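Protein chains: 2
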Amino acid sequence: MNSQSNEIKKDYDFINESLINVYDSIMRIEESEIRRSRFKDITAKEVHLVHTIGLHDRKTTSQVAHILKLSKGTLTANLNTLERKGYVMRIANQEDHRIINLGLTSKGRLLYRAHDAFHKLLVQRFLKGFDNDEIHLIKQAMVNLEEFIDEVSAK
Amino acid sequence: MNSQSNEIKKDYDFINESLINVYDSIMRIEESEIRRSRFKDITAKEVHLVHTIGLHDRKTTSQVAHILKLSKGTLTANLNTLERKGYVMRIANQEDHRIINLGLTSKGRLLYRAHDAFHKLLVQRFLKGFDNDEIHLIKQAMVNLEEFIDEVSAK
DNA sequence: CTAATTTAGTTCGAATATCAAACTAAATAT
DNA sequence: ATATTTAGTTTGATATTCGAACTAAATTAG
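For the protein sequence lines, the chains are A and B, in the order given. According to full-length UniProt numbering, the first sequence is numbered sequentially starting from 1. According to full-length UniProt numbering, the second sequence is numbered sequentially starting from 1.
It is worth saying that the hints were derived from the structure and are not from the lab. Just so you know, not all the hints are guaranteed correct.
Per the computed footprint, the stretches of chain B lying under chain A, defined by three or more beta-carbons under 8 angstroms from a beta-carbon of chain A, are [claimed, not checked]:
| no. | region |
| --- | --- |
| 1 | 8-18 |
| 2 | 29-42 |
| 3 | 126-139 |
When the alpha-carbon atoms are kept at most 16 angstroms apart in a straight line, the in silico EDC-like pairs for lysine to aspartate or glutamate are as follows [stated by the list, open to error]:
| no. | chain 1 | residue 1 | chain 2 | residue 2 |
| --- | --- | --- | --- | --- |
| 4 | A | Lys120 | B | Asp13 |
| 5 | A | Lys45 | A | Asp116 |
| 6 | A | Lys45 | A | Glu33 |
| 7 | B | Lys107 | B | Glu46 |
| 8 | B | Lys139 | A | Glu17 |
| 9 | B | Lys10 | A | Asp131 |
| 10 | A | Lys9 | B | Asp116 |
| 11 | A | Lys85 | A | Glu46 |
| 12 | B | Lys45 | B | Glu33 |
| 13 | A | Lys45 | A | Glu83 |
| 14 | B | Lys155 | A | Glu31 |
| 15 | B | Lys45 | B | Glu31 |
| 16 | A | Lys107 | A | Glu7 |
| 17 | A | Lys69 | B | Asp24 |
| 18 | A | Lys155 | B | Glu31 |
| 19 | A | Lys139 | B | Glu17 |
| 20 | B | Lys139 | A | Glu7 |
| 21 | A | Lys139 | B | Asp11 |
| 22 | A | Lys85 | A | Asp41 |
| 23 | A | Lys139 | B | Glu31 |
Everything numeric in this text was worked out from a predicted model, so none of it was measured. Backbone N, C-alpha and C define an ideal beta-carbon position, used for all residues, glycine too.
Throw the hints in and build the complete structure from the sequences for me.
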């Protein structure tokens, strides 16, 4: 094996290990960032839920459960906690009284923005030192990954 | 805002959303790949454990617990299941009788290699269409990310 | 226009997962 | 030899999740 292809193998292996490690770590540092913030009563999972509800404002409970791939029962349990803690609102639907629409309280939106800011910082660091063309290329790799995920999911 | 910087913002936003989504999805497709394979009695978490034990052969229970950031009690519980299912071996240490070294059975190694092959495929698809320089660049972005993670973890 | 059916969300019971503290046995230090 | 430390297991408490049964509301069929 020549030293050139050896380099490439190293890059491959590094990326492989990285893809496995990084996501675990991101969950972990999100948790520790929250512990350091003013929102101490919240777990990483709960932030994930607040993020999803913030992103999909006024969706129904069933829609959010589907997006998060949680059972309705599990979502109900999580909503009770997040409502009690004051991050999420259940909004009765006037047209259809079976439906509950979900939204964030102002405290929930504060958490949403804090979490979003942290993620923006993460992406900035991910892309540190790259020019626009290079960033576009990295984006393309993420597109590849999502395509692969979609393919496998569809099987 | 000109169209150039708008493009870049789009790339940023896409990468941001992607980084959040992809982890969840990878866990999910790993689970569904396992269900389709001959190793149907295994969860994604358990594969993760088998992967770690395979990667760090003959490490002690405490070392593996530390690597996985699990309590020793939790690891013991998981080891019991994986030993019962025939993927993992506890190996008594001859020098120090308190220590248990962990290893994979041949069935465990089969699972390890199947899982590894799936990850290699994932990385191939991630890097599809890029030349060596571009792959090196993408690797550098992963290095950036790990550096950021290490920094935040150390705080 | 009722009846039956479907739909949205909650409740409940069972199964798992996790942690931290107490515990056991072995090794090391005093 | 005795006390302390270390490695791993056990135990009890708490969390999470699921799916099935349930309630209430909306829709459909007769």
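Quick one: which hint numbers does this structure break? Sort them smallest to largest.
-> 16, 23
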